[in-house]
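Whenever a hint applies, use it, and build me the whole structure from the sequences.
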Amino acid sequence: MNIGNLIKISFRALSNNKMRAFLTMLGVIIGVASVITMLAIGQGSKESIRSQISEMGSNMIMIQPGAEMRGGVRQSSDDMQTLKLEDYYALRDKTRYITACSPTVSSSGQFIFGPNNYPGSLSGVNQAYLDIRKLSIDDGTIFSDQQIAAAAKVCIVGKTITKNLFPNGDDPIGKVIRFNKIPFTIIGTLKEKGYNSMGMDQDNIVLAPYTTVQKRVLAITYIQGIFASSVSEKMTDQAMDEVTQILRTNHKLKTTDDDDFNIRSQEEISSMMTSTTNTLTILLACIAGISLLVGGIGIMNIMYVSVTERTREIGLRMSIGAKGRDILSQFLIEAVILSFTGGIIGVILGIGTSFIVKFALSWPVSIQWYSVILSFGVCTITGVFFGWYPAKKAAELDPIEAIRYE
Amino acid sequence: MNDRSIIRLENIKRYFQVGEETVHALRGVSFSIKEGEFVSIMGASGSGKSTLLNLLGCLDTPTEGEYFLDNIPVSSMGKNERSTIRNRKIGFIFQSYNLLPKTTALENVELPLLYNPAFNMKERHEKAKKALEAVGLSDRLNHKSNQMSGGQQQRVAIARALVNDPVLILADEATGNLDTRTAFEIMILLQELHRDGRTIIFVTHNPELAAFTSRNIVLRDGKIIKDGLNEHIESAQKMLDSLPKQED
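Protein chains in written order, with our numbering: chain C, 9 to 414; chain X, 347 to 594.
Because the hints were derived from the structure by calculation, they are not lab data. One should not assume that every hint holds.
Stated by the list, open to error - Distance condition first, Cα-Cα at most 25 angstroms in a straight line; then the derived BS3-like pairs of lysine-lysine:
| no. | chain 1 | residue 1 | chain 2 | residue 2 |
| --- | --- | --- | --- | --- |
| 1 | C | 189 | C | 171 |
| 2 | C | 16 | X | 448 |
| 3 | X | 435 | C | 16 |
| 4 | X | 490 | X | 476 |
| 5 | C | 167 | C | 189 |
| 6 | X | 425 | C | 401 |
| 7 | C | 400 | X | 425 |
| 8 | X | 435 | X | 425 |
| 9 | X | 448 | C | 26 |
| 10 | C | 26 | X | 490 |
| 11 | C | 16 | X | 476 |
| 12 | C | 161 | C | 183 |
| 13 | C | 16 | X | 475 |
| 14 | C | 142 | C | 242 |
| 15 | C | 16 | X | 490 |
| 16 | C | 242 | C | 102 |
| 17 | C | 142 | C | 161 |
Now the structure itself:
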């Protein structure tokens with residue numbers, strides 16, 4: 009008995025009862041489709057959070073002064089002066105895991121141009137800041153090293169500032185805006201970034217050389233923070249260790265002393281935020297998995313009934329020469345065809361539903377190819393598993409009794 | 347007719363254990379059947395004819411004795427070997443046709459060949475077509491079994507029994523479910539097959555049918571009480587012609 013004939017026999021048997029075959033498959037179809045859709049939705053929301061975070065720079069490391077106590081009072085990081093430009097130079101020159109770093113100092117206030125004004129904060133940074141925060145120049149240029157050295161009164165502005173200060177759509181490049189009575193010449197604009205996942209407007213931003221903000225705006229010598237990029241997201245932990253070592257040495261801290269700075273990575277924030285969606289995804293997948301199992305049991309149920317109902321057919325097949333294993337294979341193949349076909353339809357339906365959810369509800373959806381393969385594999389295995397028992401029962405029938413079964 | 351022995355039974359005994367009791371279904375049966383014989387096996391219910399049929403059809407094995415089918419000893423064969431021998435050597439015709447439902451005549455007839463890897467699709471198709479032509483159903487190849495009358499269904503079943511060129515055709519009350527007229531038609535077909543040299547065993551409880559076969563074996567209580575050649579084989583065709591014409 010060759011397998012081709014068996015498949016043909018099984019197909020004929022199934023096509024004799026199309027409605028029933030379809031209803032049996034329905035369990036598997038729904039199971040597979042829901043596994044795929046649920047995982048796609050779960051993964052989609054996870055990815056959308058991740059991408060929003062990586063827009064802010066997924067390998068970003070933030071260093072802030074901190075943990076300083078003065079007379080038992082823990083100080084606000086803005087008032088602390090533990091981070092110096094020397095720390096920035098050290099990080100810039102001595103690290104292996106950091107590709108870019110920028111000191112930051114900032115001051116909030118009102119930006120004014122003619123009759124228009126808008127509140128915002130002026131950040132003093134260097135050129136590397138753009139890479140670290142995944143910002144890019146839309147028009148104009150970034151300030152040069154000379155301008156940093158000279159503490160030039162130049163700035164780059166985000167879209168929100170442009171819109172509010174130049175409502176007529178004038179070209180902002182070359183215009184002079186005032187911040188705390190200090191005039192700044194706009195030399196570039198930034199590409200629009202929109203709101204981040206925390207609802208903060210990422211376009212309300214004005215960048216100037218850090219030297220300018222330090223000397224001309226705030227009149228300070230310390231810096232308020234350092235932004236850095238690690239070589240890659242995976243290397244963030246090494247980079248953080250390295251930064252800690254360098255800063256501790258620089259600050260001449262004893263081994264028993266606490267750090268006088270804080271290091272946070274975007275990675276930490278992102279994993280915290282995705283862990284919630286992870287739990288949700290697992291939950292959804294579990295529910296979907298259960299429906300797949302129920303689908304498998306549906307196959308077993310129908311195959312079991314089918315064996316009883318087709319006892320005479322089995323008897324006939326045996327009397328004209330079918331061996332026990334031929335009958336076993338036939339019923340097993342029928343079960344596998346049911347689950348396999350159900351699986352294929354389920355995959356199509358699942359992918360279809362994912363796209364409908366994506367476009368109709370505009371939810372973030374990301375189809376996971378592993379979920380397609382997984383659910384498909386699981387449903388084929390359930391087919392064999394749940395088809396086995398009824399098939400075995402069929403194969404063990406006595407042809408003499410089976411052929412006369414009423 | 348030649349002397350090639352198709353069936354040889356040597357003191358076949360078959361006992362069944364029913365609870366404490368042993369039922370002696372066959373108490374030592376011996377006979378042989380040569381190629382080309384048309385044998386009727388008769389007996390009332392409980393005479394052991396069903397048991398004998400099961401043994402002849404290699405569906406069952408005897409408790410004692412040896413059975414040679416086409417000179418092959420069957421008694422000691424396992425289940426799978428018997429399946430194969432049924433597939434190659436025997437054609438079954440049942441009282442209730444046992445066709446696959448919702449399946450065409452052609453597919454029904456092809457069925458035994460599907461369990462024989464020696465045939466490919468084209469050969470199966472041709473052989474099945476030829477068998478259906480032989481039983482006069484060449485115009486019904488693609489009719490489904492549930493669209494056919496009882497007589498047509500039984501013809502399909504006969505075609506199915508012929509398709510593997512068996513050495514032996516086993517008919518179990520083959521006319522039992524049919525009206526008189528159709529029963530004669532089927533008997534005519536079996537007599538034609540007999541004339542063509544087929545070996546047929548016809549198991550029945552109806553003594554009238556014995557007149558159409560070439561040899562009669564009568565069983566009672568698990569033993570043969572009569573085994574004789576029929577000198578005057580009645581023609582089923584004549585009997586059919588003698589029936590009053592149906593008016594419809």
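Now the hints, each set against the structure:
1. 189(C) x 171(C): Distance of about 21 angstroms is within 25 angstroms: holds.
2. 16(C) x 448(X): Since the Cα atoms of residue 16(C) and residue 448(X) sit roughly 15 angstroms apart, the hinted pair holds (cutoff 25 angstroms).
3. 435(X) x 16(C): Roughly 24 angstroms separates the two Cα atoms, so the pair holds.
4. 490(X) x 476(X): holds, 18 angstroms
5. 167(C) x 189(C): holds, 22 angstroms
6. 425(X) x 401(C): Between residue 425(X) and residue 401(C) the Cα gap is close to 16 angstroms, so the pair holds against 25 angstroms.
7. 400(C) x 425(X): Distance of about 15 angstroms is within 25 angstroms: holds.
8. 435(X) x 425(X): Given pair residue 435(X), residue 425(X) holds - Cα atoms ~15 angstroms apart, limit 25 angstroms.
9. 448(X) x 26(C): holds, 12 angstroms
10. 26(C) x 490(X): Between residue 26(C) and residue 490(X) the Cα gap is close to 16 angstroms, so the pair holds against 25 angstroms.
11. 16(C) x 476(X): Satisfied, since the Cα-Cα distance of roughly 22 angstroms is no more than 25 angstroms.
12. 161(C) x 183(C): Holds: residue 161(C) and residue 183(C) sit about 12 angstroms apart, inside 25 angstroms.
13. 16(C) x 475(X): Satisfied, since the Cα-Cα distance of roughly 19 angstroms is no more than 25 angstroms.
14. 142(C) x 242(C): Satisfied, since the Cα-Cα distance of roughly 18 angstroms is no more than 25 angstroms.
15. 16(C) x 490(X): OK: residue 16(C) and residue 490(X) at ~17 angstroms, within 25 angstroms.
16. 242(C) x 102(C): The hint holds at about 20 angstroms.
17. 142(C) x 161(C): This hinted pair holds, its Cα atoms lying about 24 angstroms apart.
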